[in-house]
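Protein sequence lines correspond, in order, to chains V and H. In terms of my numbering, the first sequence is residues 1 to 75. In terms of my numbering, the second sequence is residues 1 to 748.
Treat the hints as calculated values from the structure; they're not laboratory data. None of these values were measured; they are calculated from a predicted model. Take these hints with a grain of salt, some might be off.
With a straight-line Cα cutoff of 25 Å, these simulated SDA-like cross-link-like pairs (lysine to any residue) come out [claimed, not checked]:
1. H:Lys-59 - V:Lys-63
2. V:Lys-38 - H:Lys-141
3. V:Lys-38 - H:Ser-574
4. V:Lys-63 - H:Glu-614
5. V:Lys-38 - H:Arg-551
Computed footprint of chain H on chain V; a stretch qualifies when at least three of its residues, placed anywhere within it, have a C-beta under 8 Å from a C-beta of chain H [claimed, not checked]:
6. 27 to 37
7. 40 to 46
8. 56 to 67
Each pair of labels, with its calculated beta carbon distance range [stated by the list, open to error]:
9. H:Phe-678 - V:Arg-30: 17 to 25 Å
10. V:Arg-30 - H:Val-540: 50 to 58 Å
11. V:Arg-30 - H:Arg-536: 56 to 64 Å
12. V:Arg-30 - H:Arg-92: 26 to 34 Å
13. V:Arg-30 - H:Asp-60: 16 to 24 Å
Glycine included, C-beta positions come from ideal geometry on N, C-alpha and C.
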Amino acid sequence: MGSPPHQKPLQVNGMSSSGTYAVLLNENVRRLLKILLKDEIQVKVAELLLKYDDFESLLHEFKLLRGESRDRNKK
Amino acid sequence: MIEIRSRVTWADPLSKSLTRSFQISSRGSGIFVLRGPNAIGKTTLLMAIAYALGDDSLKDDLEKRGCTIALHIGINGSSIEIYRDASKYILRMNGREISDPEEVKDIVREFFDVAYVPVERIVGIRAISRILREFRDAARKIRERSLALLSEGVTILKEIAFYKKLSTRIESMRRELQELERFLKTSKEEIESTTARLEELKELKPLLEDLKRAEDLPNLEEKLKKISKELEDRIREKQTLISMYEELARELATKTVELKTKLDITRKDAKRLEEELKSIEREIERLVRQYEESKVPDLQRLAAAVRKENIEEIERMYRKSLAVLSTFRSKKLEEEKTFIERLLGVCRSAPDPSMKIHGLEMSVADLVTKLREGLATVSDMIKREREKEETWLRLKNACKEILELLKRRERIKIRLKSLEDQLKKLEVEYHSYEIRTARRELPPADEKRLERLEREIEELQREKHELLAEIERLRKVLEVRDEVMERLEYVVRRMGIRADRISPEGLSVMISEMEDKVEELKKQSREIEERIDELRGKIVSYEEMLKERERYVKHYLDDEKHIQDLTRMLQEISDITADVAERLSAEKIEDIRRYLEVMKKERARKKIYQTLYEVISEIGKMTAELIGRVWDHQHGWLRVENIDFERGTVTLVSEDGKVVERGLTEFSRGQLGLASIFPMIHKPTEARFGKVILVDEIGDLDPDRRMEIVNHLIERREKHGDLCFAILVLPDVDVKMLDAERDPDAIR
Chain V
1 MGSPPHQKPL QVNGMSSSGT YAVLLNENVR RLLKILLKDE IQVKVAELLL
51 KYDDFESLLH EFKLLRGESR DRNKK
Chain H
1 MIEIRSRVTW ADPLSKSLTR SFQISSRGSG IFVLRGPNAI GKTTLLMAIA
51 YALGDDSLKD DLEKRGCTIA LHIGINGSSI EIYRDASKYI LRMNGREISD
101 PEEVKDIVRE FFDVAYVPVE RIVGIRAISR ILREFRDAAR KIRERSLALL
151 SEGVTILKEI AFYKKLSTRI ESMRRELQEL ERFLKTSKEE IESTTARLEE
201 LKELKPLLED LKRAEDLPNL EEKLKKISKE LEDRIREKQT LISMYEELAR
251 ELATKTVELK TKLDITRKDA KRLEEELKSI EREIERLVRQ YEESKVPDLQ
301 RLAAAVRKEN IEEIERMYRK SLAVLSTFRS KKLEEEKTFI ERLLGVCRSA
351 PDPSMKIHGL EMSVADLVTK LREGLATVSD MIKREREKEE TWLRLKNACK
401 EILELLKRRE RIKIRLKSLE DQLKKLEVEY HSYEIRTARR ELPPADEKRL
451 ERLEREIEEL QREKHELLAE IERLRKVLEV RDEVMERLEY VVRRMGIRAD
501 RISPEGLSVM ISEMEDKVEE LKKQSREIEE RIDELRGKIV SYEEMLKERE
551 RYVKHYLDDE KHIQDLTRML QEISDITADV AERLSAEKIE DIRRYLEVMK
601 KERARKKIYQ TLYEVISEIG KMTAELIGRV WDHQHGWLRV ENIDFERGTV
651 TLVSEDGKVV ERGLTEFSRG QLGLASIFPM IHKPTEARFG KVILVDEIGD
701 LDPDRRMEIV NHLIERREKH GDLCFAILVL PDVDVKMLDA ERDPDAIR
C-alpha cells in the first residue's frame, strides 16, 4: 500500500502519471479514512501509520503535523 | 512507425512446475489492438509491459506469479530492449547494457510514461470489492501498527514517567540529604559545646571535691603519723630479723671455712700416707723379686709367703733363722785358729826345727806341719760356717725387714682407712654447710614472717606516700581555695545552675546528665550519618539507573505531551479500525446490502456501525465519481451522481439536468467504466518517448465506444505528439495484434 519514496504520484482527476491504479486506491482509502476517523489529524496519523512502522519517525511526523495545524490555527 | 515485440512467461497457477508464455509482435502507427482467446495471457502481457516500463503497482502480483517479460520497442530508429523479472531488470539500447535495477527503472521512467487501465477492475462490483478490501487491509495495517506503536509509546511514556519519578526521588533525596547534613552540623556543634561545658564541669568537680577533702586535712595528718609509726615498727622488726639471719649466715660461713681447711689437711695426710704405702709396696715388691731371683730356697719360700701374705709363715721363718744362727761355732773356730797360729809362731821361733818336743814324740818341724794342716782345716771350717751363717743372717734380716714393712703397711692402711672415713664425714659436713651458706636460708617460719613484713612495709610505704602526696596536694588546694571558688561561681552562674547543686554530688548528677545528653546526641549523629551514607549510596545507584534510562528516554523527554497525545490518538485509531479490520468485506453487491442493513440496525446502539454505514455510503459516491459518465442509448452521456448500495440503485443526471435512477444490476461493467478512461488518455507527459496507454478488456464496450477510445488516442497524439503507443485488448478466437488506425476492423 505505501508507495516507495521514488514513486511520487501526481494526482490528476483521481489518476496518476504512473501506477495510477494503486494511487487511485490510495486516494480512496484516504477518503474513507476521513469518514471513518472524522478528525483530520487522526486521518493523517492513520496515513502516517501506513507509511512508517517505527515510533520515532511517526512521532517526528506527528510533531510536524501538529506544528502545521498550530500554524494554521494561528493564521 | 513503431515496432513492438514482446514475450511474457509466468507460472501456471494450477501447476507451479509448468511455465506458460505468450508472445506477440507487431509494427504499426502506434495504436494496437491485441486480440485473442480468453485466458491466453493478454491481460498478463499488458500488465507485464506496464511492469517492464516501470509501473511497480503490479510488481508484487506479477513477481508472485513468477512472471518474466522481454520487450523490444523499435522507435524513431532506436532499438530498446527491456527484460524484467523478480531479480533482474536489464536495459539494452544502442549496444549498451545497463543491469542495475534502480538505474534501469530511472531510465525507463525517463523514457516512458505508462498507464495501465483495467477498465473492468476500476468500475463495477469488482472495483467496489477491491476498494473495500484495500480499505480493510489498510485499516488492518493501521490497526496493527497503531497497536504496536501504541505499546511502544506506552512503554516510552512509562519510561519517561519512571525517569521523572526517579529524578524527583533523587531530588527529594538530595533535599533530605542537605537537611540531614545541616542537622548533622547543628548536632555536632551541640555535641561540641555540651562536651566543652562537660569538660569544664569535669575539671571543676575534682577541685570542688579537693576542697571538701581539704577539710579533712588534720585527720589525714593524724593518719599519716600513725602510718609512719607503724611503718617504723615494721622496718625495725624486719631489720632485727635480717640481722639475726645475717649472724647465722656468718656462723655458717666461718664453719664452712674451718671445715674446708680441715678437709684440705686431712686430704693431704691421706695423700701422703697413700704415697708412703705405695713406696712400701714398691719396696716389698722389689725385695720379693730379689728373693725370687736368689738361689736361696729359704728366700724363695719367703718370697712365696710374702706373695701369699702369709705373715705366720714369715714369722716362723724368722724365729727359725734366729734359732739356727745361735748354733753357729765360727767364734770358737776363730779362737782355735788363733791358738793354732800362736802355736805356729812359737814353733817358728824354735832354734832347731828338728828338735824333739818333749811329751810329743814329734819334732818341731813335724808339729809345724801338723799345725799348718790343722790351720788349713780350721780356716776351711770357718769359711764354711761363715757362709752358712751369712745365709741364715740374710734370711733373718729379710724376714725381719719384710715383717717390718708389712707391719708398717698395715699400720698405714689402718691410718689411711681412718683418714678416709674422717674425710668422708668432713666432706658431708662441709657440703651441708656450704649449701646452707650458699642458700643463706632462713627457717620457714621466719621466712614467712619476713615476707609478711615486707608486704606490710610496702603497703604502708605506698599508703604513706599517697597520703603525703594527698596532704601536699590538699595543702596546695587550700592555698588556691578562693580562686577556685570564684571560678566555680562564675561557671555555675554562666551555666545557670541552681546554687544548691554546687556540691561534688550535685556536679556528679549534672555531669552524668550531660554525658547522657552527649551520648544521646552522638547516637543521633551516628544515625544521621548512617542515613546520609544510605542516601548517598541510593543517590549514586539511582543516578546510575537514571543515566541508563536517560539514554533511552533522553530524546523523548521534551516530547512527552506529544507522545501522550499520539498514544491517545493511536488508541482511538486502533479502537475504530478494529471493527473495520474485522468486519468490512464484501464480494457481491448483495453482501454490501446485507451488511448495510446490519449496520443500520446497530448504528443507534454502537457508534462504529454508524461510521461504517457512512463509509459504505461514501464508497457509493466514490464509485460514482470514478465512473464519472456513462453512455446511455436513450439519453446519451449521463453523469453518475451516486450509487446507493442499500437500495441497489444508480442515480444519473443528464446534460440537461434530468435525474434518472437505474438499478445497479442494469449496468454492464464496461459501460460503467468508459468515462474514466478519457482523462487518462489526455493527460500530458514529459517522458522522452511519450505516453504508453494500456487499456484492458474493452470487449464489454459497444464498437462505437471502442472507436471513441481510438479517436481520443489519435486526438491525443495529434494534439500533444507524445503518444508512444497504446494497446487495447479485445477478446477473439485467434491471436493477433492489429493496427487500429490502418485496420478498420481491428476493434470491431
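> Which of the listed hints are broken here?
Replying inline: Numbers 1, 4, 5, 12 - these are the hints that the structure violates, sorted from lowest upward.
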